[in-house]
Amino acid sequence: MSLIQDLTELVNAGIITDEKARQISAYFKNKQDTAASANKQLLIFGILGALLVGIGLMFIIANQWDSLSRSVKTTCAFLLLIVPQLLCLFALVKKADQMVWRESTALLLFFAVGANISLVSQIYHINGDASAFLLTWMLLTAPLIYIMNSSAVSLAFFAGVMFYSFAVRTDATDLWHEMIFWPMLALPLPRYYQQLIKSPDHPLLIMHHWVIPFVLTLTIGIVSHNLGAWMPPVYLLLFGIFLQIGDQSYFKNSKLIQNGYKLFGFCGTIVTLLVMSFKSNWKELLTNHYQPGSLFGSSEFIALAVLIAIAFILLVRVSRTKSLSELKLIEIAWLLFLVIFVVGLFSSLAVLLVNLLVFIAAILMIRQGTRLGHLGVLNSGMVIVAMLVVCRSFDTDLTFVVKGSMFVLVGTGFFVANWLTLKKRNENER
Amino acid sequence: MNAKKLIYSTFALAVIAQLFVPCLMISSKADIALTGKEFRFKVVNNHAGTSINGNYLWFRFVEDKYKVANKKEWERSQAVYVRFDTDTLGFARIQSVSKHQPADSFDWIKARAFLNFKDSTALQLLYPFNNYYVENANLKEIEEMASNKLNDSTRVISLKVRIRENQFIVRDLMVDGVSFKDFVKQIRK
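Those protein sequences? They're chains A and B, same order as listed. Take the first sequence: its position 310, counting from 1, is numbered 342 in our numbering, and each next residue is one higher. Take the second sequence: its position 136, counting from 1, is numbered 150 in our numbering, and each next residue is one higher.
Isolated chain B, as found in the complex:
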C-alpha cells in the first residue's frame, strides 16, 4: 500500500512539473515583454539580406561582426555571449562579445560565433532572432515582396527585439518606420 502511495505521489509531482515548465516558459515570456529592453536591429537591405524559407522571413543584420584582437583565442565555431547597447541613430550595437556570461548587465543574448574567413580579425555572429514569422495566408504575397520591396537598398528595415538575459521577444518588423503589417496593407493599396 505504501509503495502504491509513493508511486501515485511521485506521478503527481511529475505531472505538476510537466505542466509547470510550459507555464513558466509563457510567464517568463510575458515578463520579458514588460521588463526587457527594446533594441532595433538594422537589417542588411540588399539581395543577400532578406529571404523567405518556410513561414519565416530570414535576415542578415548590419551589426553581426565583432573585431577580435587575437583569433587564436576563439574556436572556429562556438557559443558566445553578446552584449548590446544603442548607437547614435538608435540602432542596436554590439558592446562586447565574451565566452562568459555577463554579470553586470541584462542586455545580452547567447549567439553562435564563427571565425570570419574573409576577415580574419572578426567573429561572424549568428543571433537566435534572425527571423520573423509570417502567417500562411500571406505567404505568397510576402515571398514576392521579400525579393522585390524588402531588398531595396533605399529602405531602412529593422527588427524590434526585446532582450533580457538571453530571453527575447521579436516585437515587430519595421520598414521605413512603419510596422510590417501596415507596410503590407500599404503595398496592397
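Chain A on its own, in the form it takes in the complex:
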C-alpha cells in the first residue's frame, strides 16, 4: 500500500512518468507473488515431510508398543495431542494471517484429539459406543472451526457428524442421542454462511456446497423409525430444497461443478421419483391405517412438517425473482409429489401419477434441450425416459416383444433427438 502511495506521490511531483510507475508497481507485485508462492510450496512440503516423519515414528513406536509400559504409552498418547495443540497456538499467535498454517495445524489437532481418545481407550481397555466416541471427539474439536477459522476442520466435522448419525442408529437408547445430531450439524453453519459472503470463491467453501447436501442426504434417514412409508416425501422435500438453494442468486454465476446443491437436488429428485414409480413401494402406505395421535407425534411427520415449511419459504423467495411459470417441473416436483402422496394414502392411482410426473418432467427436459440446442439437458431427459422404461420392464407383465420395442423406441429417440439438435445447432452457426 505504501509503495503505491509513494509512486503516486512521485508521479504527482513529476519525478517519474505514469509508465515508469506502472512498471515499478508491476515489478514489485511480481516479486511479491513469486515469494508468496515459494513460501506456500515450502510450507506444504514442510507439512508433508512432517507428516511422513510422524507416520514413520508411529510405525517404529507401534512395533514396540506392547513392550512399552502403560505410563510410557500414556505419555506418547498425550504428546500426540499436546504437540498439535502447541502448533495450533503458534499458528494462532504468529501466523494468524496465513491460511495454510491455520488450516493444516487445526486439521492436525482435529485428528490428534480423535487419536488421543482412541489410544487412551486402547491402553486402559476402555470400551464404549462408537457414537459416544464420535460425539466426544466432535464436541471437543468443534471450537477449532471458529477459533482457527478453519474450513478444513469444518469439512472434517461434517464427516464426523455423518458417521455419528450412522453409529447412533444402532447405539441409541434414548431419543436425545439422535436429537443431538441436529444441533451438532448446525454448529459449523454460521461460519459457512459468513464465508459465503466473505470469500465465495474459496475452494474449501465450494467443497462445502458438495459436502453439506451429501451429508444431509445420507443422514436424513435418522428421523425414520416406525413409519418408513412416510420417508419418500421427506427425501423429495429435501432434494426440492437443495434444488431451490442451488437456484438462489448466489449460485447464478457459478459453474454446475461448483453447485453441489443443484446436482444433488436434481439426481435425488429423479431417483426418489423412480423408486416411487414401483407399485410395491406404495403398498405399505395404502394398507396401513395410521392413528392421528401416533402419526403427528412421529419423527417422520415432524421432519416432513419442518421441511414443508422450509421449502415453502424458499419457494416464496424464488418467486420474488422469477415468476412461478418460469419454474421447471423438476423444481416443483416435491410439491406435486405431496399431492400424489396424499392420493396414495387412499388409492393406488398414485403409482400412475408418479410415472406420469417422471415422464412429463423428462419430456419437458428434452423439449428444453432441443430449444436451447443444449445436448446435456436433452440427453438428461432421454436418460430419465430410458430409466423409466427400464423400471417398468421390471414390474409390468409386458411381453418381451413389447419390452424390446420400448427399448428400441427410446434408443431411436436418442439418435434422432441428438441428430436433430446438432443439425439445428449447425444451421444456426452458419
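Don't read these hints as lab results, they were simulated from the structure. Certain hints may be false.
[Claimed, not checked] Calculated cross-link-like contacts (lysine to any residue; reagent style SDA-like; alpha-carbon spacing at most 25 angstroms):
#1 B:Lys51 x B:Ser167
#2 B:Lys154 x A:Trp97
#3 A:Lys435 x A:Val422
#4 B:Lys86 x A:Phe333
#5 A:Lys127 x B:Ala47
#6 B:Lys195 x A:Tyr156
#7 A:Lys360 x A:Lys435
#8 A:Lys354 x A:Thr402
#9 A:Lys311 x A:Ser380
#10 B:Lys174 x B:Ser110
#11 A:Lys105 x B:Asp45
#12 A:Lys127 x B:Lys18
#13 B:Lys86 x A:Glu332
#14 B:Lys199 x B:Ser167
#15 B:Lys85 x A:Tyr156
#16 A:Lys311 x A:Ile364
#17 A:Lys105 x B:Cys37
#18 B:Lys195 x A:Arg102
#19 A:Lys354 x A:Ile364
#20 B:Lys18 x A:Glu135
#21 B:Lys19 x A:Ala128
#22 A:Lys105 x B:Leu48
#23 B:Lys56 x A:Tyr156
#24 B:Lys124 x B:Leu48
#25 A:Lys315 x A:Ala337
#26 B:Lys154 x B:Ser65
#27 B:Lys86 x A:Leu318
#28 A:Lys284 x A:Thr402
#29 B:Lys19 x A:Asp129
#30 B:Lys85 x A:Ala204
#31 B:Lys124 x A:Asp206
[As the list claims (entries may be wrong)] Just so you have them, the derived chain B footprint on chain A, three or more residues with Cβ under 8 angstroms:
#32 109-118
#33 153-163
#34 441-448
[Stated by the list, open to error] Now the stretches of chain B that chain A is said to cover, found in silico as 3 or more residues with beta-carbon under 8 angstroms:
#35 37-43
#36 143-149
Virtual Cβ for every residue (Gly too), placed ideally from N, Cα, C.
Please build the complex by placing chain B on the supplied structure of chain A, with the hints as guidance.
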C-alpha cells in the same frame, strides 16, 4: 485486541477440555477398579466358544440369553441395559434386561440384544467385554492354545470383569481357577 483475547481464551478452554476428557476417562477407569463389583462370566468351552482374532481372544458366554414374554415388544436389534447378580456357584447371572437405565443398581452394562431366531422366546445378548487382550509376543502360542486347550469341555473358563454403571474393567481370564498368564506358563513347562 478484545477479539484476540477472546480467541486466545476460547482456545485455552478448548485445549483444557481436550486434555481433560482423556484424563477423566483414565480416572473413571481407576475408580471402577476400586468401586466396581467383580463378576465372573462363564465362557462356553467348546469349539464355538473361544477364538482368536487380531490381538484378542473372543468368547461366547454361557449367560448370554434372556427369556422374554413377548418378543413383539423388542426390535430385531437394539441397545439394552443388562443387570447382573451372582448364581450359587459364584458366576454372573442376568437378573434383568430392560430398555431403560436401571435406577436402583450399579451392576449393569449396556449391551446389544438380538431376537434369537432359534429360540423365539429369548433375546441373544452381546456384551462389550466379550474379548481379552493378548500381547503380540505370545500371539502364535495363544492361537494354538485357544484351538486346543481352551476349547476343551472339561475346563472351567471364566472372565473376571468389574462393573459399575456401564463402566467395566476386564480383570483377568481364569482357566480352572488359575490366571491365564500363569496357565500359559504352566503349559510352557
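Given pair status - Leu48 of chain B, Lys124 of chain B, alpha carbons within 25 angstroms: holds (20 angstroms)
Check the hint pairing Lys86 of chain B with Glu332 of chain A against an upper bound of 25 angstroms on the C-alpha distance. holds (22 angstroms)
Please verify whether Lys56 of chain B and Tyr156 of chain A have alpha carbons no more than 25 angstroms apart. Given pair Lys56 of chain B, Tyr156 of chain A holds - Cα atoms ~23 angstroms apart, limit 25 angstroms.
Can you tell me if the region 153-163 of chain A counts as covered by chain B, using C-beta to C-beta distances under 8 angstroms and a minimum of three residues? Result for this restraint: holds, n = 7.
Outcome, coverage hint (the region 441-448 of chain A, chain B; C-beta under 8 angstroms; three residues): violated (count 0)
Are the Cα atoms of Lys19 of chain B and Ala128 of chain A separated by 25 angstroms or less? holds (13 angstroms)
Please work out if Lys354 of chain A and Thr402 of chain A have their alpha carbons no farther apart than 25 angstroms. holds (23 angstroms)
Need the status of pair Lys124 of chain B, Asp206 of chain A: alpha-carbon distance at most 25 angstroms? holds (12 angstroms)
Has the given pair, Lys284 of chain A with Thr402 of chain A, been kept, meaning a C-alpha gap of at most 25 angstroms? Distance of about 22 angstroms is within 25 angstroms: holds.
State whether the coverage of the region 143-149 of chain B by chain A holds or is violated, taking the criterion as 3 or more residues with Cβ-Cβ distances under 8 angstroms. holds (count 3)
Compare the distance between the alpha carbons of Lys435 of chain A and Val422 of chain A with 25 angstroms, and conclude whether the hinted pair is satisfied. holds (9 angstroms)
Between the alpha carbons of Lys127 of chain A and Lys18 of chain B, is the straight-line distance 25 angstroms or under? Measuring from Cα to Cα gives roughly 13 angstroms; hence the hint holds.
The structure does not agree with the numbered hints 1, 5, 7, 15 and 34 stated previously, though it agrees with the rest.
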